[in-house]
Each structure stands twice: as structure tokens, then as C-alpha cells.
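Q: Put chains F and Y on the given structure of chain V with help from the hints.
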Amino acid sequence: MSARVAVLVFPGTNSEDETVRALQAAGLDAALVHWSEPEALARFDAYVLPGGFAYEDRIRAGAVAAHDALMDPVIEAAEAGKFVLGICNGAQMLAEAGLVPGTGPLRRPTAAFAPNASGRFHSVHVHVRLAVEPARVPILGGIAAGTVLPAWASHGDGRLAAPAGELERMARDGHVAFVYADREGRRVPSPSGSALDAAALVNRGGNVLAIMPHPERDAWTFQHLDRTRDRASMLAPSGGATFFRHFARALAGRAA
Amino acid sequence: MTAVLEDAVALGRRAGVALSDDELRRIAERLGRVPTVTELFAFDAQWSEHCSYKSSREHLKKLPTEGPDVLLGVGEDAGIVRLGEWNGETYGIVVAHESHNHPSQVVPFEGAATGIGGIVRDVLCMGAEVIGVADALRFGRLENEHCRYVAQSVVDGIAAYGNAIGVPNVGGDVFVDESFDDNVLVNVVALGLVKAKDVIHSRAPRGSVGWDIVLVGKATDRSGFGGASFSSLTLDEDDADQNKGAVQVPDPFLKNVIMRATYAVFAQLRASNVQAGFKDLGAGGLAGCSAELCAAGGVGAEVELERVPTAQRDLPPEVVAIGETQERLCWIVPPSFTPLLLELYNDVYSLPRVARGACAAVIGKVTETGRYVARHRGETVMDVPLDFLTGGVRYHRAYELPRVAQEGGADRERALALAERSAPATLGERLRAVLAHRDVCSRASIYRRYDGVVRGCTSIPPGYADAGVLVPIPGAPLAVAVGIGGNPRYGTIDPRGAAELAVAEAIGHVAAVGARAIGLTDCLNFGDPTVAEHMGAFVAAVDGLAGAARHFGVPFVSGNVSLYNRSSSGRHVAPSPIVAAIGRIADVAASATMAFKRAGSPIVITAPVQTAFGGSVVGELLGLASATLPDVRVHAFARQCELVARCLERGAIGAAHLVTDGGVLAAIAKMAFAAEPGLGFAIDPAPMAERAGGELGWFAETPAFVVEVFDVEAFARLGAELRVDSYDAGVTIPEPYAVLGDERVPLEELREAWEAPLRDFYGAVRA
Amino acid sequence: MTTRAFAVALTIPDNEAFTATETLARLGLGVGRTARADIWLFDVDDPEADALRERIASIETIFNPNKHRLVERPSAAPEPGEVWIAARDEAPATLVGGRAIPGVRAIRRRTGWHLFDHDGRDVPAATLERAVETFLCNPAFQEAIR
Chain V
1154 MSARVAVLVF PGTNSEDETV RALQAAGLDA ALVHWSEPEA LARFDAYVLP GGFAYEDRIR
1214 AGAVAAHDAL MDPVIEAAEA GKFVLGICNG AQMLAEAGLV PGTGPLRRPT AAFAPNASGR
1274 FHSVHVHVRL AVEPARVPIL GGIAAGTVLP AWASHGDGRL AAPAGELERM ARDGHVAFVY
1334 ADREGRRVPS PSGSALDAAA LVNRGGNVLA IMPHPERDAW TFQHLDRTRD RASMLAPSGG
1394 ATFFRHFARA LAGRAA
Chain F
194 MTAVLEDAVA LGRRAGVALS DDELRRIAER LGRVPTVTEL FAFDAQWSEH CSYKSSREHL
254 KKLPTEGPDV LLGVGEDAGI VRLGEWNGET YGIVVAHESH NHPSQVVPFE GAATGIGGIV
314 RDVLCMGAEV IGVADALRFG RLENEHCRYV AQSVVDGIAA YGNAIGVPNV GGDVFVDESF
374 DDNVLVNVVA LGLVKAKDVI HSRAPRGSVG WDIVLVGKAT DRSGFGGASF SSLTLDEDDA
434 DQNKGAVQVP DPFLKNVIMR ATYAVFAQLR ASNVQAGFKD LGAGGLAGCS AELCAAGGVG
494 AEVELERVPT AQRDLPPEVV AIGETQERLC WIVPPSFTPL LLELYNDVYS LPRVARGACA
554 AVIGKVTETG RYVARHRGET VMDVPLDFLT GGVRYHRAYE LPRVAQEGGA DRERALALAE
614 RSAPATLGER LRAVLAHRDV CSRASIYRRY DGVVRGCTSI PPGYADAGVL VPIPGAPLAV
674 AVGIGGNPRY GTIDPRGAAE LAVAEAIGHV AAVGARAIGL TDCLNFGDPT VAEHMGAFVA
734 AVDGLAGAAR HFGVPFVSGN VSLYNRSSSG RHVAPSPIVA AIGRIADVAA SATMAFKRAG
794 SPIVITAPVQ TAFGGSVVGE LLGLASATLP DVRVHAFARQ CELVARCLER GAIGAAHLVT
854 DGGVLAAIAK MAFAAEPGLG FAIDPAPMAE RAGGELGWFA ETPAFVVEVF DVEAFARLGA
914 ELRVDSYDAG VTIPEPYAVL GDERVPLEEL REAWEAPLRD FYGAVRA
Chain Y
1123 MTTRAFAVAL TIPDNEAFTA TETLARLGLG VGRTARADIW LFDVDDPEAD ALRERIASIE
1183 TIFNPNKHRL VERPSAAPEP GEVWIAARDE APATLVGGRA IPGVRAIRRR TGWHLFDHDG
1243 RDVPAATLER AVETFLCNPA FQEAIR
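Protein chains in written order, with this note's numbering: chain V, 1154 to 1409; chain F, 194 to 960; chain Y, 1123 to 1268.
Please keep in mind that the hints were generated in silico from the structure rather than gathered at the bench. The C-beta atom is built at its ideal place from N, Cα and C for all residues, glycine as well. Incorrect hints may have been included.
Taking CB as the label site, the calculated pair distances span [claimed, not checked]: (1) F:Gln505 x Y:Glu1251: 31 to 39 Å; (2) Y:Ile1267 x F:Glu572: 49 to 57 Å; (3) V:Glu1286 x F:Ala618: 32 to 40 Å; (4) Y:Ile1267 x F:Arg952: 33 to 41 Å; (5) Y:Asp1168 x F:Arg952: 32 to 40 Å; (6) F:Ala637 x V:Ala1324: 28 to 36 Å; (7) F:Asp540 x Y:Leu1149: 46 to 54 Å; (8) F:Glu572 x Y:Glu1176: 44 to 52 Å; (9) V:Arg1384 x F:Arg952: 28 to 36 Å; (10) Y:Ile1134 x F:Ala725: 38 to 46 Å.
Examples of chain F residues lying across from chain Y (beta carbon under 10 Å, computed) [claimed, not checked]: (11) Arg218; (12) Val300; (13) Asp444.
Derived lysine to any residue pairs resembling SDA-like cross-links, with alpha carbons at most 25 Å apart [said to hold, decoys possible]: (14) F:Lys790 x V:Ala1389; (15) F:Lys790 x V:His1377; (16) Y:Lys1189 x F:Gly209; (17) Y:Lys1189 x F:Asp507; (18) F:Lys255 x F:Arg587; (19) Y:Lys1189 x F:Pro502; (20) Y:Lys1189 x F:Lys255; (21) Y:Lys1189 x F:Phe418; (22) F:Lys790 x V:Ala1385; (23) F:Lys790 x V:Val1277; (24) Y:Lys1189 x F:Tyr342; (25) Y:Lys1189 x F:Arg341; (26) Y:Lys1189 x F:Cys552; (27) F:Lys790 x V:Arg1273; (28) Y:Lys1189 x F:Pro509; (29) F:Lys790 x V:Glu1337; (30) F:Lys790 x V:Leu1378; (31) Y:Lys1189 x V:Ala1385; (32) F:Lys790 x V:Gln1177; (33) F:Lys790 x F:Ser635; (34) F:Lys388 x V:Gln1177.
Only chain V is shown next, with the shape it has when bound in the complex (with noise of 0.2 Å):
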């Protein structure tokens, strides 16, 4: 039996219906949460809290949502151990509610995404490195060292910051669970003037990561734009696919 999947929906959620596809494309059983139905939280395996503007970005990105009634469930279940996947607005939620890189009390965030150094909202294409050995990141099972992938990066508010103390800890402790890099691994700078390049957080247990590209826009062959776009297999998942394998994998994992 697959893995059920919620993929929360807040109030200006934009990006849920083709986050549930490549979670189903990678055999879960992924379905919309509704903010108007958090009990609904509770019959889950995991979350994944999906892109967009929920409640428009007010305040500051993933605030409001961090402190919404539907992300109870979610805090209970990561401090449970079960896995929470954010990305984008979904990263910058759990930065928000403390849970990456969780070196803090709850809802007292230590490190944010914050506006891009341009001021500006862009949308490009990347890819992200693996930065970590693959044990730091059980939410990604069976993931290969050094792994690369691509994505797309469509953001206003993906700078990591954080004090500097704090920078060196999330170093150290191997909390950067992915860098922005090239086609071949090598990092680059992020667009978005990102502290230590950073690309994605996991917390300490290694169950949470919240990840600001997006892999599921570039996770099927029609959407490649480069070599890899191969006409014989154009709507197979390919590409960004392999981070929502690894994250069923480490479900599978659990089940057995």
C-alpha cells in the first residue's frame, strides 16, 4: 500500500495541483488538504507544503501560514519524526515555524528566506547539488552522494539569512542540505544571494527539509530544455523526478 500524502493548501497556494502529480508520478499517493479541513491532517504519512503566496506573503513570506490552525498538525507530525517536505512558500513556511533548521524553539525562527538581494521577484532556471552525505537526509532515501538536479527557481524571498553564528552552525552541522550549482555539480552563486549558496534546509533529525526551487517544474521530459529532452519519452518523469523517487523511497522505507 502507498504512502498517503498531504499536500496542504493554503488561501494563495498556486503550485498544489502539479506538486500532487510528481508525488503520484513517484507511486505515492498524494492528496490535496484544504485549509478549511485541518482534521483531515491527521490520516497522513507526510506533508508537503507546496509554492505560491499563501495569505499574499503578508508580514513576510510563510508567516502568516506558519501560524495558521492547518500547520498545527504539521509541527505535531515533524516533532513526531514523520516527514514534512516544504518548498518555496513552503520552505520559507517551515523557516517560519522554527522546524529548519530547527536548532530553535518552535514559531522562533533562527534562519529565513529572505527577499532576493535584487529586491526582485525572478523566475530561472537552476540546478541544486546535494551538499551533504546522503544519511543527513532520510527524507530523501537511497539518495546518491553529490546528487544533481534540476529545478526552477521562481522566487521573490529565497535569500538564506541568518546571523553569522548561526551561518557557521548550519555549516557545520550539515543543516545546507542542498547548493545551487551547475550542470555538472559545481557551486555557483544562487540567484537570489543566498548565504552559503544555500538552495534547501533540513533540521537536525533529518525528517524536514524545506527546499526553495522548484523540482517538480522541471520533472517530466516535456519541460526540459536541454539535451536531456528526449522526444521518444516526452511525457515520462525525468529530470527533477528524482527527488520525489528518493522521497518515496524513504516512505517505503518506513512502511516496511
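A: Same frame as chain V, now just chains F and Y:
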């Protein structure tokens, strides 16, 4: 009765409406009395140029609107073309095209944002899922501080709105011309996906007498009062503040939720097999929308204005009825369905929590009287015959067709030779100058502000090819492309020729990604219709669109007219017929980006270059004043479009790019810029040098394609089948250079020339 | 040189302030109403200081008369009941919308939050503190100025 007529005129003047004295008299005569203030503003909106098309309708009839792929033609808020069949269902692509020019000039961020907001509603209200938007922008000179501010804010507004609602921006274009210095053009296109059987019409359904009229969305406020007539007046500096008040306030966050709630309503309607009428509120506000819904259905309406949710207390009835508060839609549903409708919007999707005062509310009923009756606190404030209100007026405007100078071939060649001699340059130097031109240079700074991939259906986002490509049905290989055409440098010279070229360009753009055009939309942006010269430009352009579309065999399914794009100083915009083409690709595997894919591929042009440099980039750079636009040889060009599609299907070519601004060599350079690092090109200048115009031929803007050939033999065979003669231009090479005969230019140098001009579109980081 | 402070607030409904009130109420903080303002601090040469208000009022990226109210603050500090949130490590700008203002050497931006209880009075300092700690300020990249 004369007293009544003159009282009506006096009332109209006091109220400051845009209706003419004659129109006011006509209204009073039909009503048999002086209209109420509410009725006055209702007619002001409905009879405005924007709503009634009173100056343009007689000419628009010339446009071909029928075709085998048209599921729904002109007449409703959007048109629908057939995408194809999948899983036993016929799918349509809904398309709408509108302008939001005046608001974007006056309050650029809000004006452009609400332009996107409105066009998305036009598609939504047909029962469709909104799948993409595109924008055609015409800015004033960017060296001018105010023009730059307007341009930045327009792009910001479009980005803010489209990104927040989560609809990808998949195409568009940007042109800069001094005629837009005081009158920016912001044209927007929206696309939707709908099953043919699920289309919802913008009219009260048959048998709907007694049904509920339900208003959904933002609480009505004062903003936007005066919008429709505002867009039909020229912009005058002194009215700046009043003009600003007429601009609507966008709320993409609320719209995001309304869209999702509406999709849930669609699902319920379909599950319960219930018919409904659905229309979005735009120009003319609540009265305009509900009146049009009922007029189209041949019924009447009774509306209780105090049932309209308002954000401010004690709004006068005319503001409630005619104001253009954004983010509102209007349903006509059977009373048995109403409770579910209200529940979905108000409870499940909690509109009141999302935005204060937002909700769905029953505001009236459908009647059989054929009249529009609105009451406010017991008093009847509107009681007019619907067909008279919405039927509008028609004018025949006097016009003078533009006179386009005819130049003989010999004269042209002489002028060309003179121009070339006066500014001698190597091919590389000229190419660098052309690539840096305002209408050729890279627009990456602009389209990177737009999310082109949200929803996960984008196969080719902006910047990677001539047209955006979407794969809208998960699991199905069917793809849709949208391309835009419309060049102001051509419009200034010859509106009719420019219109033909706009049609060719739009169709060519979708062809370049392997699509076959199945429908067109247009937005006609012109000056003052009461000035014979401007009206003549409009008429000539419509003739050009009609002729080209007819010969291409692609119908217009939707469109818009924007007149009075003129400031009080007298400056009017370049005649700007802007066309969007919707193309269908049976299998997305057959589409390709414009980037060169490998080294050693022959580079070929699909038509002989014409020595027509009127309106061309290189002509402008050389100070060449020619009035001869390139000729659209429609049938030959149509065969080239088909050739590109077939070649992409069979893998005979790897990339295609339409020749436009900057000509063939600029097109080749851009295909190289898009390619993987390490790839360049080499051309043999000699054959072109032998033709009239010499090396300048490399920059002639002839409708044609540059293609990268993969399979020489297959390409030759397909070319012969379609009677397309191609011309060798060069070959792709495995080094990052542009080899132009004896000249060897590093590609990086050319790329820098191309990227630099708009790199700082936003200037320094904003405070 | 002197520092002049201006507050730009919405005259149309402020959804952000409304949401802030709701969230703070959910956090149990006894906030009845929130007023939000965009705070602009200008370090300006003395001779140009008096002309500043008019110049700012004509810059559309700062002030739009159809939806904003522009008020000069008596000092470059929050009023009682108000806190200013600033980006940490902010590099002051010199331009607004790509434009320079005569005499202006530096421009700094803050968000001003003024909290009121259910009786319309300024909230106590302790409440303001709690609001800052729990919601209004993200110490990872922001700081609060009281």
C-alpha cells in the same frame, strides 16, 4: 418632449459623462423621460467606445470568424478553438485578448495588474481552467525617466498579478517607440482549457426566468468608478488625479481563491448536470455585466442594489451599479443550486476570511420582461429596455485611408546603396549594432520577472523560442502554442501592410515551435476615431487583418478595440494592430526550442530575402527613409509554416526561428545565443552580396524561417513536396564564434551587445 | 545634515494590517486593531530638508494620493505604541525608483506597526514586545526598533 431631451443633456453635462448631447437626447427619447443618475452612468458605460465598439463594429465585420476548428466564435467574452481529442473528450482552448492602455499610463502598476485580472476572468467565465497569459507591451522611450518608470511598473504589475494567481506567462513582446511616450500600450491575452461539452456561456440559459442572479467576489467600493468611459477619452494632464481615481485596485490573492472556488463550482455544476450563465464584471460594472447576461439570453433582470456587498456604507446607487471594483463575477443559476454555490464560495473557500467583505450573494432575479430594473432602498433607480441599453449605438466615422508612398525598385536600390556607402561597416559591426537595437535586444530582464512555469504544464517558457508552449492536459501529448505579432515601426509607415505582417508574424511564431495556427485574436490600438486620418489607419489595418487571415485560412475568434490612444498634446500612438495566434501541436515531442542543437548542421533560410527595408531595424540605423514594407506572400509563407511543422514532426530539423526585427543574421545569432556553450555559426556572405542590397540583405526583415537542418535529404524532400525553395546560409560550428566570411567575432561579444541595453531595465536596486 | 522621517499609510483597507491583527489575536495578545505604515527615513542636507515633503509627494513609488496618506513624523523614532521593523545589515539606498532626490544622502526603510487594544488605546509595552517576538519580527534577518 424637447424640454425632457434638453434636461437630459443638462444632466449629462453636470454629471460629466462622456455621452454626447445627441446620445443623451436619444436616451431620453426612448425612455420618454430624463434618465436617472444611475441610468445615465449605465448608458455612459455601455455606450462607451470600449463597451459598444460603436466606431469600429462596422469594420470588424470584415474579419473572418469561421473555421473548422472554431468551437465558439466571436460574441462572448472569449473565443474557443479545438485543441483535440483525448480519452474520448473534445478539448478546447479558450482565448481572450484585451487592452488596458489608459489605466496603465495613469497608474501603471495597478493598470497593468488589473489588465491581467480582467483577461483571466474573461477566460474563467467560459467554464475554463486558466492555463496561461501573454502580454504585448509598447513603451515610450526608456531614456525618458517617466517612460521608464511606467515600463517598470507595468512589468511589475503583470508579474505581481500573474505570479500570485499562479498562471504562467508564456509569451509576449516588447516594442519601444516615441509615439508611446504618453500613451503606453498594454495588451494581454489569456488562455484556458475546457472540454467542449463543459463550456459555460455568458448568457442567461434557456428557461432561466425566475433564476437567481448571484454576485461573487470583492466587496464593491468606489474604486474604478468611471473606467469604461475613461478608457474612451484622451488623456489630459489636468485630469490626472481624477484619472487616477478611476483605476481599479487589483487583488490577485482574492482572485487566486476565487478561481479555485470557481473550479469547484464548475465540478458541482457538471456533476449535477445543471445549466448556468456566467460572466465576469468589467467595464460597466454590475449593471453592465448582468444586463449583458440577460440581454444575450433574451430575458430581463430585477436587481436589489442594497443586497450588493459593499466595502463602504452609503454608496450611492450609481456607484454600486456601475462602479468597476475588481475581482467580481456574476452567475445565473437555478434557485435549487444557489445554496451550494453560496456554500462553496462563502464557507468552503471562505471568501469573507480571505478579503473583508468578499462573498457570494444573491442580488436579483431573472425576469421575462426584457427590461433591466434596479432598485435601491425601495426606489427604482433603473428601468430600461435591455436591448436598448446593450445594443448601443453605431457610428459611421468618416475616414481617410493612409497614403503610402510607392517607391520604384530602382529608387529603392539606389537609396540602399547610398545608405550603405554612407556608413560603411563590416558585417560583424553591423550585426553588433542591430543586436543592440531597442527592438532586437534581449528582454530577459523583463520576462524573468514572470513565472513562466507555475502549474507545471509549460514545455517552452518565454525566452527559449518564438512562442510559449503548454502541455495542458496531464498525460496527453497535445500541446498549445501562443505567439504575438505587431510592429509599431511598420504601423507608422503603412497600417494595412503592418496588419498583414502582424498576422504573418503571429502565425509564424507558433509555426516556429511546430504548431499549426488554428485561431487568431487581435487588439486594435489606434488614435481618435473622430479624426479622419486616425480612423483611416484603423480601417486600413482591419482590411489588412481580414485579407491576411482569409488567405491564411485562420479565423479571428476574439478581440478588442482600443481607440483614443492619444494625448491632449495631439500625439497619437503608432497604428498598432496586435495579433495573437493560437497553434496546436498534436504531439509535444514535435516541438523544439529555437536554440541550435549541434555542430555541423546546415543553416537554411526558407525564402529569398526581399530588398524591402521600410521600417527595418537596419534601415533605421542607416537613416534610410523607405516606405516599402516587406511583402507577406501569404501562400508561400503558409507553405513555409507547414514545412517547419512537418520537419519538426519528422526530426528533419532541430530548430527554427522566425525572421523578424534585425533580419536573418540577427535570427541566426539568437539561435546561437540560446544554444549550449561552445556552439557557434559560420555564414558565407558571398551569395547574399550578389543580390540587390548587398550585405544589407542579411538584415532584411522578410517573413521567412531560419532552420537548423538535421537530415538534409528529408528536408529537401519535404521542401519539394511543399514547393518551398530554401537558401543555404551557413552551418553551425563547434566553437563559440560567429564566422562571417573573413570576419571571426567571438559570440560573447555579440551576446554582450545583445544583453547590455535592457540589462539594467530596473536600474539600481530600489529603495 | 538631518534625518527626516515620513510615514506612508493606506487610506484604502489595509489587508496586511487586518491579517496581522487576526494573527496576533490568535496568539492571545489582546490586539484589537493594527495600523501599519511604510516608514521612510531620509538623511538630507539641511538646505533641502524643507523641500523634501513636496518632492516625496510627487514620487509615485512612494506616495499615491488615491490610496495613501503621507505624514511627516516629528522624529526618526517610533511613536508610543509603535515598533519599527528593519532589515538587519541594511545598506542604505541613495535612489528611489532609480531617481535621486536633491540633497538626500541616504534612504532607509522600515515597517511601522502601531498596535491598539480593543478599547482603541495603545497596547502596553509588554504586549508590543510579545508581538515583536512572536510574529512581527524575524530575528534571523530583521531587527525591531522601539
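Q: Indicate, hint by hint, whether the structure satisfies it.
A: Hints and how they fare:
At roughly 35 Å, the beta carbons of Gln505 (chain F) and Glu1251 (chain Y) sit within the given window of 31 to 39 Å. Under the hint 49 to 57 Å, the C-beta atoms of Ile1267 (chain Y) and Glu572 (chain F), about 54 Å apart, fit the expected range. Glu1286 (chain V) and Ala618 (chain F) have their C-beta atoms about 58 Å apart, which leaves the hinted 32 to 40 Å range violated. Between Ile1267 (chain Y) and Arg952 (chain F) the Cβ separation comes to about 36 Å, which falls inside the hinted range of 33 to 41 Å.
Between Asp1168 (chain Y) and Arg952 (chain F) the beta carbon distance is about 37 Å. The supplied range of 32 to 40 Å therefore holds. At about 32 Å, the beta-carbon gap between Ala637 (chain F) and Ala1324 (chain V) stays in the expected band of 28 to 36 Å. Between Asp540 (chain F) and Leu1149 (chain Y) the C-beta distance comes to about 25 Å, which lies outside the given range of 46 to 54 Å. At roughly 45 Å, the beta carbons of Glu572 (chain F) and Glu1176 (chain Y) sit within the given window of 44 to 52 Å.
Look at Arg1384 (chain V) against Arg952 (chain F): about 34 Å separates their beta carbons, and that is inside 28 to 36 Å. Taking the beta carbon of each, Ile1134 (chain Y) and Ala725 (chain F) are about 43 Å apart, inside 38 to 46 Å as hinted. Below 10 Å, beta-carbon pairs count as interface contacts, and Arg218 (chain F) has none with chain Y, the closest being about 34 Å; its hint is therefore violated. A cut of 10 Å between beta carbons decides the hint on Val300 (chain F): the least distance to chain Y is about 7 Å, and the hint holds.
Using the Cβ-Cβ criterion of 10 Å, the hint placing Asp444 (chain F) at the interface with chain Y is satisfied: the shortest such distance is roughly 8 Å. Straight-line distance between C-alpha atoms of Lys790 (chain F) and Ala1389 (chain V) comes to about 22 Å, which keeps the hinted pair within the 25 Å bound. Between Lys790 (chain F) and His1377 (chain V), the direct Cα distance comes to roughly 14 Å. Compliance with the 25 Å bound is thereby established for this hinted pair. For the given pair, Lys1189 (chain Y) sits about 23 Å from Gly209 (chain F) by alpha-carbon distance, which is consistent with the 25 Å threshold.
At roughly 20 Å between alpha-carbon atoms, Lys1189 (chain Y) and Asp507 (chain F) fall within 25 Å of each other, so this suggested pair holds. For the given pair, Lys255 (chain F) sits about 16 Å from Arg587 (chain F) by alpha-carbon distance, which is consistent with the 25 Å threshold. Pair hint Lys1189 (chain Y) plus Pro502 (chain F) holds up; C-alpha atoms about 21 Å apart against a cutoff of 25 Å. Taking the CA atoms of Lys1189 (chain Y) and Lys255 (chain F), the gap is about 44 Å. The hint is violated against a cut of 25 Å.
Restraint check: the Cα-Cα separation between Lys1189 (chain Y) and Phe418 (chain F) comes to about 15 Å, which is no more than 25 Å; the hinted pair holds. This hinted pair checks out: Lys790 (chain F) and Ala1385 (chain V) have alpha carbons roughly 17 Å apart, not beyond 25 Å. For the hint linking Lys790 (chain F) to Val1277 (chain V), the alpha-carbon distance of about 21 Å falls within 25 Å, and the restraint holds. About 19 Å separates the Cα atoms of Lys1189 (chain Y) and Tyr342 (chain F), which keeps this hinted pair within 25 Å; it holds.
With a C-alpha separation of about 22 Å, the suggested pair Lys1189 (chain Y) and Arg341 (chain F) falls inside the 25 Å cut-off, and the hint holds. In summary, the hint linking Lys1189 (chain Y) to Cys552 (chain F) is supported, as the alpha carbons are separated by about 23 Å, within the 25 Å threshold. At most 25 Å may separate the alpha-carbon atoms for a hinted pair to count; Lys790 (chain F) and Arg1273 (chain V) exceed this at roughly 32 Å. Taking the CA atoms of Lys1189 (chain Y) and Pro509 (chain F), the gap is about 20 Å. The hint holds against a cut of 25 Å.
Of the supplied pair hints, the one linking Lys790 (chain F) and Glu1337 (chain V) holds, its CA atoms being roughly 19 Å apart against a limit of 25 Å. With a CA separation close to 11 Å, the supplied pair Lys790 (chain F) and Leu1378 (chain V) stays within the 25 Å bound. A hinted pair counts as satisfied when its Cα atoms are at most 25 Å apart, and Lys1189 (chain Y) with Ala1385 (chain V) does not qualify at roughly 55 Å. Our distance criterion of 25 Å between C-alpha atoms is broken by Lys790 (chain F) and Gln1177 (chain V), whose separation comes to about 32 Å.
For the suggested pair Lys790 (chain F) and Ser635 (chain F), the alpha carbons sit about 20 Å apart, so the restraint of at most 25 Å is met. For the given pair, Lys388 (chain F) sits about 24 Å from Gln1177 (chain V) by alpha-carbon distance, which is consistent with the 25 Å threshold.
The structure is inconsistent with the numbered hints 3, 7, 11, 20, 27, 31, 32, although it conforms to all the rest.
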